[in-house]
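Novice: Read off the chains here:
Number of protein chains: 2
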Amino acid sequence: MQIFSFKKFLKEQFILLSLSAIVGILSALFIAFFLKLLEAATAYRNSHFQLLFLLPIAGWVIYLSYQYLGKNSSKGNNLIIKEAKGNQESVPAVMLPLVLFGTVITHLFGGSAGREGTAVQIGGTVAAKISEWCKLNQQLRSILLICGIGAGFSAVFGTPLTGFVFSLEVLVIGKMEYKAAPYSLIASLIANYFCLQLGIHHTKYFITSSIPMNGEWISIALKVGIASIGFGLAGYLFSYFIELFKKIYSKILPKAWMIPIFGGIIIIILGQWLVGKDYLGLGVDPNYPGAASIVGAFHAGGSFTWSWFWKLLFTTITLSAGFKGGEVTPLFFIGAALGNTLATLFNIPIDLLAGVGFIAVFAAATNTPLACTMMGIELFGAANLPFFAIGCFVAYYCSGHSGIYTSQNIGIAKN
Amino acid sequence: MQIFSFKKFLKEQFILLSLSAIVGILSALFIAFFLKLLEAATAYRNSHFQLLFLLPIAGWVIYLSYQYLGKNSSKGNNLIIKEAKGNQESVPAVMLPLVLFGTVITHLFGGSAGREGTAVQIGGTVAAKISEWCKLNQQLRSILLICGIGAGFSAVFGTPLTGFVFSLEVLVIGKMEYKAAPYSLIASLIANYFCLQLGIHHTKYFITSSIPMNGEWISIALKVGIASIGFGLAGYLFSYFIELFKKIYSKILPKAWMIPIFGGIIIIILGQWLVGKDYLGLGVDPNYPGAASIVGAFHAGGSFTWSWFWKLLFTTITLSAGFKGGEVTPLFFIGAALGNTLATLFNIPIDLLAGVGFIAVFAAATNTPLACTMMGIELFGAANLPFFAIGCFVAYYCSGHSGIYTSQNIGIAKN
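Residue numbers (our numbering), protein chains in the order written: chain A, 791 to 1205; chain B, 791 to 1205.
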């Protein structure tokens, strides 16, 4: 009996270790392909801004593709998170191409969106299909889906430890479980490794300011803590606007297919005439010389006082209308730009507060403060680690229990 | 009603924020004093090795002090962990001086022990007494005790984020809760800050090897993973020996007061004649020129093939006989020395595997893989982060459900 169960244990370990490696490799392949396409789409749009006028039609095409081919794909990240928690709804294979091309189309025609949703859904679909083919039981399937989330996140941003911690932290608010830990670590490391080998380059960010451990340190730590209340509120506002616009759309428009068309038209009006083209697409690099961007937000003058709000508005209008891509890169933009604005107000080095905002708004909107602290380390180095932790945990604590992933349960209430 | 509960919420926040800062400051004061004493005791012993012959008497004095003054103090870390989980046993104020001087005496006379247990008990006693004076309810008291654990750990090693994560992670195996997160972060940051301001210097460790992201990286990652099974087993062996020696002592010795005397005599025999003086005391720096040490283990020839085993033996004999100080620094020694030994075998850079072993054996014995990964970052920088995570999670996973803190519950079984 003892020997039999040890054999079973070894067999299970072998299955999980091999499958988590396979999930990592396959996710990396799809995500590298996705990132290459996305890069090309962004570059093409930036030299052909008139594509923006087709955004409503692009939205309508995405809507139709999900309507006729998608099954339950439109549940997106929430479906993957639910499955990773042990739910047994089927994840359709078609989710992968739909979200991949839906995101590229969104960006090509100037929608304001991210890419982590796409990556998590790619990793999740790969994991779900492998579980199906191998006829895994519910427990192993849920572990493999966590691996898929980690692999996707890791590959798309080049941050393997963040992907790993995110995959454990995102399922439930205020709690973390280690059941899937070693396997998700393997999937995340392998996905990042292969993505780099396939020639993907990730944007490098730099915080060059370093704060000596004296009275100034305490003063800056306090200011970062106060600014992070603002980051938390921005994260809350993001979730709130997403819900609000969804309600408004479905109230004023009689048919569901009109929503992406209407949302597209609003983005055209904002982007072409009212606000500017800075906030179309991903926003990592400037859309035109002198535009606000994430990279720019780390320097004085690289983003403007209200850039954070415009990006928040563009993105929530885009995503709630059914465009694809996810929220995280726009959250980085909102945080870095708000950090840039607040740095001047609080007299803190701009690159430091932009970096803290980058991760803290994301922590607030997704309820994953530890993964975001890790992201600070992986992107900016460990020198300012205490400020990253202050930013992420304060923002997390001040953002309430809502968040962009409605399938998260509350494990531990924040107050 | 709404307004009233918001007022209550603000009041609670104000109380918790102020008290966590006070816990941080007071813990730092006591721990800085403790570290200064410990440094002096270690230096004095290293120039007066004949003090070793008084170790049995020192053990007997520690035993008597706990017997007549200690109340339930001898439960040590386990008492603090239980209280942080919401238990309502009283933590006696006398625990603080007893463990502080008990540890200094242990080191002065050549016992092999650590210092984190002392620090956690100092932080925990401070937090418990403040809770009592302020008549906090059970929920706030448990949050404040978690702050005490974080502050103690943070100050004693100069690693605030590790202290913070450790305080959340140590309570339950395989789970982590964020209830106390913002307060423990504050207590840990403040404790570290004040300890540094009080002139405490922490030993600096360096991993200079850096591994490029190519085929070599994969090969080293695999080797680190395999070596970490060894780190996990060493962590397991440590907990096993502690329990084993306790059983043996109480079986062969008719009276409890004989145990520290007997344990002391064994250490004299091993240290004076059989093995050597390398493994007496803390072991961070060499006890004499050419001795094995933690700092030495990062270089070829700075520790010997079986150094890890001797340190494990010395420490488990010392601690299970009732000497004070805690386990973590010896676990660092065991891990770094085992890493040094295995690095030659596996052809991995010595400093890298010594660093991974340093944190991984600790992760295995305390079931806190994330805190240990964070320690890798805080002590050695983020460049080798993936290897730190592999080491800590593999070792954690391979160490079984036992651990040095018997008051941990199993939240999520490892298999």
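Careful, some of the hints might be misleading.
For identical chains, the list gives no copy identity; a pair is met inside one copy or between any two copies.
[As the list claims (entries may be wrong)] Capping the alpha-carbon separation at 25 angstroms, the derived lysine to any residue pairs in SDA-like fashion look like this:
hint, residue 1, residue 2
1, K865, F839
2, K797, A830
3, K1045, H991
4, K1036, H1089
5, K865, W923
6, K965, P882
7, K994, W923
8, K865, G1005
9, K1204, L926
10, K1041, Q840
11, K1013, F799
12, K965, L854
13, K969, T1196
14, K861, G876
15, K801, H991
16, K1041, S795
17, K1045, S1000
18, K965, N1199
19, K994, A1173
20, K1045, E829
21, K969, K1013
22, K798, L1043
23, K875, L1060
24, K969, S1197
It is worth saying that the hints were derived from the structure and are not from the lab.
Novice: How would you classify K965 and L854 at a CA-CA limit of 25 angstroms: within, between, both, or neither?
Specialist: Cα proximity of K965 and L854: none, with 38 angstroms in one copy and 43 angstroms across.
Novice: With 25 angstroms as the alpha-carbon cut-off, assign the pair K994 and W923 to within, between, both or neither.
Specialist: Neither way: K994 and W923 sit 38 angstroms apart in one copy and 51 angstroms across, limit 25 angstroms.
Novice: My question is about K1041 and S795: at a cut-off of 25 angstroms on alpha-carbon distance, are they close within one copy, between copies, both, or neither?
Specialist: Result: close neither inside a copy nor across copies, 58 angstroms intra and 34 angstroms inter.
Novice: With 25 angstroms as the alpha-carbon cut-off, assign the pair K969 and T1196 to within, between, both or neither.
Specialist: both (22 angstroms within a copy, 21 angstroms between copies)
Novice: How would you label the pair K1036, H1089 (within, between, both, or neither) given a Cα cut-off of 25 angstroms?
Specialist: neither (35 angstroms within a copy, 61 angstroms between copies)
Novice: Is it within, between, both or neither when you check K1013 against F799 at 25 angstroms Cα-Cα?
Specialist: between (51 angstroms within a copy, 22 angstroms between copies)
Novice: Is it within, between, both or neither when you check K865 against F839 at 25 angstroms Cα-Cα?
Specialist: neither (30 angstroms within a copy, 70 angstroms between copies)
Novice: Is it within, between, both or neither when you check K865 against W923 at 25 angstroms Cα-Cα?
Specialist: Within one copy only: 22 angstroms inside a chain, 52 angstroms across chains, cut-off 25 angstroms.
Novice: At most 25 angstroms between C-alpha atoms: does K969 with K1013 qualify within a copy, between copies, both, or neither?
Specialist: between (37 angstroms within a copy, 23 angstroms between copies)
Novice: If the cutoff is 25 angstroms on CA atoms, where do K875 and L1060 land: within, between, both or neither? Let me know, please.
Specialist: This pair counts as neither: shortest intra-copy Cα distance 39 angstroms, inter-copy 53 angstroms.
Novice: Quick one: K861 to G876, C-alpha cut-off 25 angstroms, is that within a copy, between copies, both, or neither?
Specialist: within (20 angstroms within a copy, 47 angstroms between copies)
Novice: One pair to classify: K965 and N1199, alpha carbons no more than 25 angstroms apart. Within, between, both, or neither?
Specialist: both (10 angstroms within a copy, 16 angstroms between copies)
The structure is inconsistent with the numbered hints 1, 2, 3, 4, 6, 7, 8, 10, 12, 15, 16, 17, 20, 22, 23, although it conforms to all the rest.
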